[in-house]
Amino acid sequence: MSKAERNIKKGGSKPYVSLAVRIPAIVAVAVFVVVAIICVAFGYLTFRNVDSMAQDQMRNIAGQNVLTVQKYMSGMNIYADALGNSILNYETLGREEGEKAIIAELTEAVKSGKIFSAYFAFEPNGLFPDTPQGLSYYVYPSGSDINTDIYNDYDVYSTEDYYAPTKESLKTHVTAPYAYELTDGSIVQLITLSTPIIKKDTFIGVANCDMLVETLGKLQYTDGGYDSNYMTLSDKENTYIAHTADPKSVGDKAGFSMAKTEKTLSGETFINSVHDFIGDASSFAIFTPVTLEGSDLGWVLTDIVHKKELYAELYRSLAIVAVIGVVGIVFLVLISAAIVRRALSPIKPLMGIADNVGSFNLSVEHSNYNYPNNELGDLAKIFLKMEDNLRIIIKDMDQVLAYMADGDFTKTSSCSDKYVGDMKSTLDSINKIRSILGNSLKAINASSAKVANNSNQISAGAQTLAQGATEQAGSVQELSATINTVNEEVKGNAQNAERASEIAMKTQEAIEISNQEMHKLTSSMDAIEEASNKIQDVISIIDNIAFQTNILSLNAAIEAARAGQAGKGFAVVADEVGNLAKRSQEAAQSTSDLIQMVTEAVNNGKIITDDTAEALKTVSGYADETNNMIKQISAASVKQAESLNQISIGVGQISEVIQNNSSTSEESAAASIELANEANRLHELVEPFKLP
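Residue numbers (the numbering used here): -9 to 682.
Derived by calculation from the structure, the hints in this document are not laboratory data.
Any given hint could be a false lead.
Said to hold, decoys possible - Derived DSS-like pairs: lysine-lysine, alpha-carbon spacing no greater than 30 Å straight-line: (1) K385 - K375; (2) K250 - K161; (3) K496 - K629.
Stated by the list, open to error - Pair by pair, the computed Cβ-Cβ distance ranges are: (4) K524 - S580: 17 to 23 Å; (5) I16 - N39: 30 to 36 Å; (6) A450 - I382: 18 to 24 Å; (7) M43 - E81: 55 to 61 Å; (8) K524 - K572: 23 to 29 Å; (9) D120 - E158: 24 to 30 Å.
C-beta atoms are modelled at their ideal positions from N, C-alpha and C, and glycine is treated no differently.
Put together the whole structure using the sequences plus the hints.
Right under this line is the structure:
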């Protein structure tokens, strides 16, 4: 089978999708990819535009809300400035009238509702003389009444946040939110706007307007039309002072980091993506600084809008584009499917023709086939022409092969002109096969006779070879038995050598032990000799003492004789001492003689021990050498046994080969006879063929 046929067979076993389906599908995929790219590009550009517009709108909302806060705080600042400027008009009225005017003005300011409470505080002797402890007026609501507190407590308010920073900077100071307990026990959260009172370029006090923190959360802020929008205000300490969505969080720490507060207070406006925990949604937050000219006001205004609401219009636009794209793709697929199906309608009959040709079903008529006037019609005509030519060629090939099957190799093709192109080589191959088969049969006929003759000769030689192999097998078996006997004897010698080696090793060990004991005996002899020498020295000392004692006894006897009768008793003692010294000297001499004899005996024993140890050492060397030689004999015996075993195995293998040769020779003889018979049979089969 050719490579092309294998590929066709392999591809034909798989299910396929018709062109009427595949082409519209490819068009649909291409259109889908193009539309998807357009939609993605449109969505990206739209998103960027909408995102930019949304951020601009958030900046606009934040800017308007900042202006709302600034407008309110600016009004408070103007109001505080007016109060501060008016105080200078009351200075000339005297303290009594001036205080009435001050209290009246502060009371009116509180009643107006613009501020929660009002407060004046002055330096010592700053407004009126004889006020060395300062002077302060505080007007505040208490239920439906307006109360006034007047204190001379400069040491208290001079360090407070609503006084000291204003005095130091000489500009309006806005305090952080703080809790204030009213006389009725209620607590309110306040922010104080403290304005300096300047008289002839000298600071004399402050005019303070106190406002409720909750007022900042009730200002008219804009939300830009976003339902999710809410606004927060936080101070420099990152504490909420207004929260339009959660007023209860006023006074708590803001939900963003101090770093964002510091960044905003540096004058930067920026937008961050945040998670709104109130609405539980991803949101945008814009951070904007709130300042007031001429004051140290520094707040952060934050506007938060949910992304879902901010991009709602974008999502609607993208949904519309997606729907239009899907509808367009479906429309294009349906149109292309209809066009392609109509254009490919002639393919089905053409596939029937091709299928008949492919399965060599060439007897079907196609006279009613309507040829389309296009490439498919030309292709159908080519298939029909190919079908006719194949029908003629196959019929001719069938006829030639039928002659060959009947044993006639003399017939050739009757329409060789139809074999054109690649089919020409097919005709040549058939003719070549016919010629080769004819010549082969001739050669087979001639060879069969030779095979029959040679088979008879091979059979005779094989029988002779089988007889010789049988004789060789007997000789080899005798040799194998002899080798086995020698092998057993060598194994016995090896075992005896191993036993002798073990005995020699034990003998050597015994000699080594004896040698060690002799060394110990020698050491003992040396110790005895050394002790004898020491005893000899002691005896010499005793002998010397006895000699000296004897001399002393003689001297004592002489002195006793001189003493006369008075020295008789002393003479007896001296005589006994002399006798004792003499006996000691004799005993020492006897002991010395005995020790001398022992020393000589020990020396003789040491010489004998040394000779015995040397002899044992020599015997140990001979025993070691004997053991080594026995080991070599044992190892050689083992190697001989192994070699004889290998020889025995080899002889066994030779015996098996000889037996196999004998069997093979007998089988060859039988096969040669059978081959001769088959050669004769082959000659009988080839003889009927008609050969060129």
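Status of each hint after checking the structure:
Annotation: proposed proximity of K385 to K375 holds, straight-line Cα distance about 16 Å (limit 30 Å). Note on K250 and K161: the hinted pairing holds, with a Cα-Cα distance of about 27 Å set against a maximum of 30 Å. Taking the CA atoms of K496 and K629, the gap is about 25 Å. The hint holds against a cut of 30 Å. A hinted range of 17 to 23 Å holds for the C-beta pair K524 and S580, which are about 18 Å apart.
Range check, I16 to N39: about 35 Å between beta-carbon atoms, so the 30 to 36 Å window is met. The given range of 18 to 24 Å is broken by A450 and I382, whose C-beta atoms sit roughly 59 Å from each other. The supplied range of 55 to 61 Å is met by M43 and E81, whose beta-carbon atoms lie about 58 Å from each other. Between K524 and K572 the Cβ separation comes to about 25 Å, which falls inside the hinted range of 23 to 29 Å.
In this structure the supplied range 24 to 30 Å holds for D120 paired with E158, their Cβ-Cβ distance being about 27 Å.
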